[in-house]
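Engineer: Chain residues, written in single-letter form:
2 protein chains.
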Amino acid sequence: MERHPVEIQIEKADRAIVAEEFDTLLDIYAEDAVLVIEPGRIVRGKAGIRKAFEAIAAYFRHGLQVRQNGMEILESGDIALVHANTVLSAPNLPETERKAVYVFNRNSDGTWLCVIDNSYGSGIVAESSGA
Amino acid sequence: MERHPVEIQIEKADRAIVAEEFDTLLDIYAEDAVLVIEPGRIVRGKAGIRKAFEAIAAYFRHGLQVRQNGMEILESGDIALVHANTVLSAPNLPETERKAVYVFNRNSDGTWLCVIDNSYGSGIVAESSGA
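Sequences listed follow chains A and B, in order. Each residue of the first sequence is one higher than the last, beginning at 1 in our numbering. Each residue of the second sequence is one higher than the last, beginning at 1 in our numbering.
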């Protein structure tokens, strides 16, 4: 089966994160993309996303590994929703699987760019206080 | 704090599901919207989505209740990603919470419409066979 172009973009991003090739990594994001750094903390726009990934690389002692352990893509028009089992590890991080969610948007030249990057998935939701 | 228009749309959808007012419910979906009926099974387009909700209403003996127990909305341009703790119950369904994911798109007249409705969230992802 032919691979979805979004899957190829994510693979490119994962390789760029591991290699710390931030120019290549930022190519995959839309100008006004949003990255969830941790629950309750987001950054918006390429400059901020680059700084966040530089800080993440340093925090994980320049040894972060990323791979996807299963993925589903739901597409409607120029929007694609990705659910991925994203596996992270580093010298100071035991292998950890996150139920990540990514949203991509196909731009006018046909390229799929990441507009929302939430590796924490539903982990960002607090339960209603009144419930 | 002012409520996000997407949150208001979801509340309207929940009320319409409970009341089985399918015209109102379908107003919230884009023409080419995708609904996950169950993992591995989707339906695309308003006619199919209406049929699915009619079947769901019958399956749950016309007693389905829906509410959101916490929600986070991440927005980039005209796209909004919603993570919601969606609570379902019915005469034949004990209260069940799903980590739901919805994607909305703001159309040219400023209305936010649901383009992807995945109440199963990351539950639709199978692990890689080789992992």
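Hints in this document: simulated from the structure, not taken from any laboratory. Careful, some of the hints might be misleading.
No copy labels: a pair is met if it fits in one copy or bridges any two.
Stated by the list, open to error - Here are the computed lysine-lysine pairs in the DSBU-like style, where the Cα-Cα straight-line distance is at most 30 Å:
(1) 12 with 46
(2) 99 with 46
(3) 12 with 51
(4) 99 with 12
Engineer: What hints, given by number in increasing order, does this structure fail?
Structural biologist: none
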